[in-house]
Structures are given as structure tokens and as C-alpha cells.
Amino acid sequence: MLNYETHEYDVLVIGAGGAGLRAAIEASATRLSVGLVCKSLLGKAHTVMAEGGIAAALANVDRRDDWKVHFTDTMRGGQYVNNWRMAELHAKEAPACVRELEAWGALFDRTPDGRILQRNFGGHKYPRLAHVGDRTGLEMIRTLQDHGIHQGIEAHMECTVVTLLKDDGRVVGAFGYDRERGRFRVFRAKAVVLGTGGVGRAYKITSNSWEYTGDGHSLAYHAGADLMDMEFVQFHPTGMVWPPSVRGILVTEGVRGEGGVLRNREGRRFMFDDIPELYRNQTSDNEEEGWRYTQGDPDARRPPELLTRDHVARCIVREIKEGRGSPHDGVFLDIAWIKDRLPTAEEHIRRKLPSMYHQFKQLAGIDITKEAMEVGPTTHYVMGGIRVDADTQMSNVAGLFAAGECAAGLHGANRLGGNSLSDLLVFGKRAGRYAAEFAMENGAGAIDETQIESTAAWALRYFESNGSAPSEAENPYRVQADLQDTMQDLVGIVRTESDLRKGVEALRHLAERAQRVSVQGNREYNAGWHTAMDLRHLMTVSEAIALAALERKESRGAHFREDYPDKDENEARDSIIVRRGPDGEMRVTREALPATRADLQTIIEEMQ
Amino acid sequence: MVMATFKLWRGGRDAGRFEDYQTDITEGMVVLDAVHQIQAEQAQDLAVRWNCKAGKCGSCSAEVNGSPKLMCMTRCSDIPLDKPVTIEPMKAFPLIKDLVTDVSWNFQVKKRIKPFKPRQPDADDGTWRMAQADIDRVQEFRKCIECFLCQDVCHVLREHQMHDAFIGPRFFVYGASLEMHPLDVENRLGDLKDTDGIGYCNITKCCTKVCPEDITITDNAIIPLKERVVDEFYDPLQKLFRIFRPKR
Chain A
1 MLNYETHEYD VLVIGAGGAG LRAAIEASAT RLSVGLVCKS LLGKAHTVMA
51 EGGIAAALAN VDRRDDWKVH FTDTMRGGQY VNNWRMAELH AKEAPACVRE
101 LEAWGALFDR TPDGRILQRN FGGHKYPRLA HVGDRTGLEM IRTLQDHGIH
151 QGIEAHMECT VVTLLKDDGR VVGAFGYDRE RGRFRVFRAK AVVLGTGGVG
201 RAYKITSNSW EYTGDGHSLA YHAGADLMDM EFVQFHPTGM VWPPSVRGIL
251 VTEGVRGEGG VLRNREGRRF MFDDIPELYR NQTSDNEEEG WRYTQGDPDA
301 RRPPELLTRD HVARCIVREI KEGRGSPHDG VFLDIAWIKD RLPTAEEHIR
351 RKLPSMYHQF KQLAGIDITK EAMEVGPTTH YVMGGIRVDA DTQMSNVAGL
401 FAAGECAAGL HGANRLGGNS LSDLLVFGKR AGRYAAEFAM ENGAGAIDET
451 QIESTAAWAL RYFESNGSAP SEAENPYRVQ ADLQDTMQDL VGIVRTESDL
501 RKGVEALRHL AERAQRVSVQ GNREYNAGWH TAMDLRHLMT VSEAIALAAL
551 ERKESRGAHF REDYPDKDEN EARDSIIVRR GPDGEMRVTR EALPATRADL
601 QTIIEEMQ
Chain B
1001 MVMATFKLWR GGRDAGRFED YQTDITEGMV VLDAVHQIQA EQAQDLAVRW
1051 NCKAGKCGSC SAEVNGSPKL MCMTRCSDIP LDKPVTIEPM KAFPLIKDLV
1101 TDVSWNFQVK KRIKPFKPRQ PDADDGTWRM AQADIDRVQE FRKCIECFLC
1151 QDVCHVLREH QMHDAFIGPR FFVYGASLEM HPLDVENRLG DLKDTDGIGY
1201 CNITKCCTKV CPEDITITDN AIIPLKERVV DEFYDPLQKL FRIFRPKR
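One line per chain: the protein sequences are A and B, in this order.
Residue numbering for the first sequence follows this note's numbering, beginning at 1 and increasing consecutively.
Residue numbering for the second sequence follows this note's numbering, beginning at 1001 and increasing consecutively.
FYI, nobody ran anything at the bench for these hints, they're computed from the structure.
None of the values given here were measured: they were computed from a predicted structure.
Quick reminder that beta carbons are idealized off the backbone N, C-alpha and C, glycines included.
Certain hints may be false.
[Stated by the list, open to error] Pair ranges (Cβ atoms, derived):
(1) P582/A <-> T1086/B: 51 to 61 Å
(2) E472/A <-> P1080/B: 14 to 24 Å
(3) A1131/B <-> R268/A: 38 to 48 Å
[What the hints assert, rightly or not] Calculated from the model, a selection of chain B residues having no Cβ within reach of chain A, i.e. all distances over 10 Å:
(4) V1002
(5) K1056
(6) V1103
(7) K1110
(8) D1231
[To be verified] On the chain B side, residues computed to face chain A include the following (Cβ under 10 Å):
(9) A1015
(10) G1016
(11) G1028
(12) G1055
(13) D1098
(14) S1104
(15) T1127
(16) R1129
(17) I1223
(18) P1224
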């Protein structure tokens, strides 16, 4: 007889970053019982690393800003394959969500008249990001955490969900284990919200932590939910590149927002060389105007360093490929130069970018107030995810909701910086509200014991040799590293059909190796075992990304195909959907993108 | 590249010991990289907490050669590698396994502290006005990443194990961030004096020294809170006033 603890809730939230916490707070406001499960300790989720700010059209700094401009910026940044309804809701509701954080104790940087200060960011027409220096994510997660702990939410920290439990087509709970003792836990719930974040650990160079193994994507997929837009993986243009051990750690876009410029080894500001048509009217063509923009001149246009992330990342790759990169295969990001313009530059940099200053000083021995940084692209975010209803955030599986990075739609082919934190708040709140409504209308479902038994047997099999000879046993860390190499090399920033096909083939081979993984030690806090179990999620999302990337035969936003280097409006009519076939095989289909509502289309056209 | 020896604490609640591991150290590696390398190649089941690897989440706290550090921000080039490097778990909390301790007490303490309670909004649209100068000091406290190194090094917790009577530097910083928040109207001074045990702190500043976020814990948070407690409860003039003041 299998031994496990059972917990029962009306609403179960999986993931305790911004989206999960916000969903849990909203669901608990209805006085339903709410359980919150997270892989790490509370307050350590990836939201804590967000640096630049929360995008919301508060219009505190530039009065011309409103939800329509934010909506248009988001659609343009996403290259018009976003879900227009989500982009509308997001732009309209973000300001109230930011004010709500302030009412819960968040302390954003201030304008001279005492309001929330907003800063410039890539792709945003006006200064729009509410921020606290460059540690906005910490402020946000701590505010949600400190508010949430008084709302009666029951948190299960360091607990990992392995599978969702289903009853006749509906999700009715989750099965997982606690890291400390390795004991199994069953969570029964009337509704489940996924707020599990992204998939960055599928790549070798990433800004993401060990947790970002695509759990929510994979849990939902295996429960029958559709995944959408998986080909759109965001490579943030500026990650650290040196020393090797810190490769991939994020360097905030805020550096460029404060006036930082990108240069190649010849000292040339190469971002002026290639300004896309879609942004030509909004982008400055000289250094002087760009500088004035960063200093708040409302008549100046943004410098090309603040173009969207997909474009900046590709320009950096071009410089490196053509031999104009920095010594360690990056380019130079220089904020120190502003001392020519600002007498108090050093103090200003340390005040607006304190954690960048600290990070480079401590990890690379570089003083960013005096020297340029070396940066290069790093896997940062996945636009694709669980396909959800725009208003309720429910997936196509009844009782299963998703919000934040693990949900798809809002960002289209490319996410604008700052739109993630606001996404978490707006759609975390909505997911919580509608999951609570669903829980009120539906009773608890039946738990399928055989599903629990078979999953537990699968989990414990890693302690055996898995039927293979000991010499064939695979090390979980080795398989994970090889998977990361495969995705980095074959399904990375620049893609071709032949590479992608090789990638799919390599993933099949890795899946076989993953079967032979065996682990040492016992069930107590065993990182090797956890890594082995996470492999299943990583394999699932990697395959989904590779297959979707093969299917989209154009270049759009973050998805760049060298063999189809241009945009193709025929391709843009469809979303690429990945779903599980009846025999467990992964299927890729296309579905027409819904037409944008007429009034919103008019807004987009008016703001061209 | 040099070969270095790391003495890692291995074991759980009942029995533990140091074990030696040798691993290659290359340019720029931090202690957490070395631990991960050992984990992947030699000790698969090694328990260690980490997340961001950039000093932002406060997960990888441990004692490196006896000093409390974030492993992700401690460069191998800053410690002598010609002799073994010891890495052990924080001492102020019960051990779970290897480098991981049970820090759940901290989460319970926080729950006990009265939450933020704002004054009525300043503007009709439900918003407030605050000057940057008035929030600077609170923003310093809000930099805290909850690594609990200050708790680990505080002798009231570490040596005297007074977890029932003393909330520790982290939560004085938290208390200060609430008490000095320009919008907050709650009063926590009674709790600070009684249940939180602020009087036990004898300002040795050990916490300030280990803070990876450089928060001036003692001078900016604890001492001003102590002064407020003294003003409220021990000032003879204030006491006189209180006798004649109507009850709140």
C-alpha cells in the first residue's frame, strides 16, 4: 500500500512566483480554502530576479500615455500574433494592479511630486515601468508574499508536483513529493492554477534557475491541455558572458534605459546600422537625440539600443558572427560613458542600477561606473505556453487554469520588457478569481488511485537500475547537460530546418537515455532524484519547442529561421498548437488566429 | 585551472561528517559552481539550496571556511585554495541534510508580526504621495533577500538558541521597514519590546558585517527601533504624559 499525505483545498495553486501568489491571494479573498505549492522556499521564485520594472500606463511621467498606447506597443512588440483580448485586458488592468501593490506596502521610486516614478524600456513608447532601482522583482514578490501570508493561504514549500490528477476530463488535484523527506503528497482540489514560470533550463546559456524546467507546460500537456506559440523563446540580448561560470546571468535592460549603449570591438554603436521598418518612425537616428530620450525629453525618439529584445539579440549575434565581437564572444555594453554628460554619473549609476554594480563588481571584478560590460544573448523567457481563455485563464481542460509565463497569448512573438511583471499581476488575479468561481460551482472530483500508484512507481524506479545494466545507467545531470547543449546548438536563436530536424532526432535519443537514468542515495533531499524527475518536463517542452519551430516557416519576433528570413503574412494567420495525441505522441497543428476586434484594430492602425 | 579540495558537510539530522572532494577550479568560478560540479560528478544526492546564482534570492547561504556567505557571490579566487575549503550548513537552524537547514522558524516569526496597515489614501483616485527622501531609508531595509545569514551569525540565536524570545536581526529590519514606512499606521513597539525581545540585542553588529546586501542593520534598523521602544516605555516624562493622556 502506497504511503502518502492528502491535503484538500477548494483551489490549489502550483507555483509561488508573482502569478501564483497573486492568484492565491485573489482566490483566498473569496474565503475558499487555498493551497499553494512551490518548489523552493517562499519568496525565492524567479520573480525575485526581475530587475527593470512593471509596465503600466499610469501616465505619471508622461501624460500622453494610456492603455491604448500600451496595448499598441504590446501588439507591435509581439508582431501582431498576440491574443488581442489578453493584450487589451493587460493594458487596461495593469495600472490598478500596480496601485494595489502600493496599498499592500510596496515602495516604488518616486517622481518629484511624490507619485510612482516610471522609466523607459525597450518597445515602450513612453516611460512606463514602475520600478525600485533594479530590484523591482524583489519588491513585488516580497510585497505579495508578506500580504499573502495573512490571507489564510496554506503554503507547501519545497514541494514538487509530478502529475495532475484527472477525473473524467477534469483536473481534480495534483500528486507530488516534498523535497525534505521525499514523501509523496496528494492534493485534492476543485480547481488548479498553474503559475510555474518558464523553460529556460532547456538551454545551456540561460538567466533561469534550476526550477525553470517547464513543469507547468508539461503537467498541462500531459493532462490534455493545448500548448501554443512554443516556437517563441525569448533570448534576452544582454546576459553576462565572462567569466564562464556566470555566463547567462541577466544584465537588466534598465542599463540601456538609463543611457547605456552597445558597441562592437571597433567602438561602433552598431544598433544604428539596422532599424526595422516597423520602428523607424519611433527610433532616433543620431546619438544626441537618443541621449535626450533617456534623459526624459518628451520630443526625442528612443535610441536603437531600446528596440525590442528579439531584434537587439539578433544584431548582437550578427556582430559576433562577423568578427566584431568583444574578446569573450559578446559585445560591449557601456554605461560608464555617461560621465561625459552627467557630473554625478558614478553616483547616479550606483543608485539606479545598484544590483548591476554589485553583480559585476563581485562576479567579474568590473566597475561598471568606469568600464564597459561584456554581454551576449541568454535564454530568458518563453512567450509560448498553455493555451488559455483570455478572460478566465482556463485551459481547454476543465478546472485547469494557468497564468504568467506558463500561459500563452499575451506576448505573441516577442515580449516587451516590463510586460512580464504586469502580466503576472493582471492574469494571476484573473486566474485566481475564475478558479475560485469554478470551485464554487463544481464539487470535488474523484481521485484515481491507479494514477497515483503508477506515478509513484515511476518516481521510485529511478532508485533501481531501471532494467538496464549498471554500466548503461545514466547520470541525471549528464543527460540534462546534453539536452541543454542540444537545444542551445540546434534550437537556439538562429534556426534552420536541417538543424531543427537534427535537434528533434537528438531529443529522441536523449529521451531513450532519460529512461536509463538511475540515481544514488535515498529519498531525502536528493537533488539527483529531483533532477531525474524534472527531465520528463524538460524533454516534453524541448520537443514542443523544436516541433513548433519546424512548423513555423517564417521569421517573426523571437523565432528566426535562416532558411525563411522574412515575415510571411500567410504564416502569421495561424497559431501553432502542440497537443498530446491518443497514443501519447506529440502532435503539431495549426489554428487560425482570431481576428482583432474592429475598435482595437482601428487603434493599432491609428498609432502606426 | 587548479585542483582544490573541498570539505563538505554530509549527512542528516542523526549523523554527519566532513567529506573531502577534489575538483578543478577555473577562472571566475564561485563556491556554488564548485559545489555544483562536485554534485554532478561525484555526489549526485548532495543537498544544497540555490536559485538565482546572482545574489538576488538569498537561497545558497552557508558557512565557507567558517564565515557566513552566499555561495553564489563568493569567488574561489578570493579564498585560499592551497588548503581544503570547508563548507558547512548554517548553525543557527536545525539541519535537514548536507548544506540544507530547516529555516521554517523564520517564516513563522514573520507571520506573527503585525502586517502593513496604510493610512487613508491621499488622493481621490486612491493613491498616495510620498517624497523619495522619505522612503530612502525604508528602501534600504527592503533590499533584504532573506538569506538569513544575519540570523545565523547572531549569538542570541546561534549560541543562546533563544528562538522563542527573540526574532533576530532579519525581523528587526522587517519591523523597521514597517514602522518607518511613511504610510503605515500600525504600532508594533509593544511587540518589539515584549514578544520580539529587542532588548536582547547588545549591538555587536555581527549581523551588519555579514549582510550580503550591505544593509546597515544595527545602526539604521535596530538602534532606532530600540530608541523608539525606550521613548515609548521607559521615558519618565513620557510616562507622566501617559498617565494624564486619555487611553487610545
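Structure-based check of all given hints:
1. In this structure, P582/A and T1086/B meet the distance hint of 51 to 61 Å, their C-beta atoms being roughly 56 Å apart.
2. Restraint check, E472/A to P1080/B: a C-beta distance of roughly 41 Å breaks the suggested window 14 to 24 Å.
3. Remark: the range hint 38 to 48 Å for A1131/B to R268/A is upheld by a beta-carbon distance near 42 Å.
4. The claim that V1002/B is not at the interface with chain A holds, since no C-beta of that chain comes within 10 Å of its own (minimum 14 Å).
5. A beta-carbon of chain A comes within 10 Å of the beta-carbon of K1056/B; the shortest separation is about 5 Å.
6. Distance check for V1103/B against chain A: the nearest CB is about 7 Å away, which does not clear 10 Å, and the non-interface claim fails.
7. With a minimum CB-CB distance of about 7 Å to chain A, K1110/B fails to clear the 10 Å threshold, and the non-interface call is violated.
8. Listed as a non-interface residue, D1231/B keeps its Cβ farther than 10 Å from every Cβ of chain A; the least gap is roughly 24 Å.
9. For A1015/B, the interface hint is violated, the least distance from its beta-carbon to any beta-carbon of chain A being 13 Å, above 10 Å.
10. A cut of 10 Å between beta carbons decides the hint on G1016/B: the least distance to chain A is about 13 Å, and the hint is violated.
11. Residue-level restraint check for G1028/B holds (minimum Cβ-Cβ distance to chain A is 2 Å; threshold 10 Å).
12. Residue-level restraint check for G1055/B holds (minimum Cβ-Cβ distance to chain A is 7 Å; threshold 10 Å).
13. For D1098/B, the interface hint holds, since its Cβ comes within 10 Å of a Cβ in chain A; the closest pair sits about 7 Å apart.
14. Interface restraint check: S1104/B against chain A, minimum CB-CB distance 8 Å, threshold 10 Å, status holds.
15. Interface hint status for T1127/B: upheld, as the beta-carbon distance to the closest one in chain A is roughly 6 Å, under 10 Å.
16. Annotation: R1129/B was flagged as interfacial toward chain A, and the flag holds, the nearest CB pair being 3 Å apart, inside 10 Å.
17. Hint on I1223/B is violated. Least Cβ distance to chain A is approximately 21 Å, over the 10 Å limit.
18. Given the 10 Å rule on beta carbons, the hint for P1224/B is violated: about 17 Å separates it from the nearest Cβ of chain A.
Figure legend: structure checked against the earlier numbered hints; hints not met, in rising order: 2, 5, 6, 7, 9, 10, 17 and 18.
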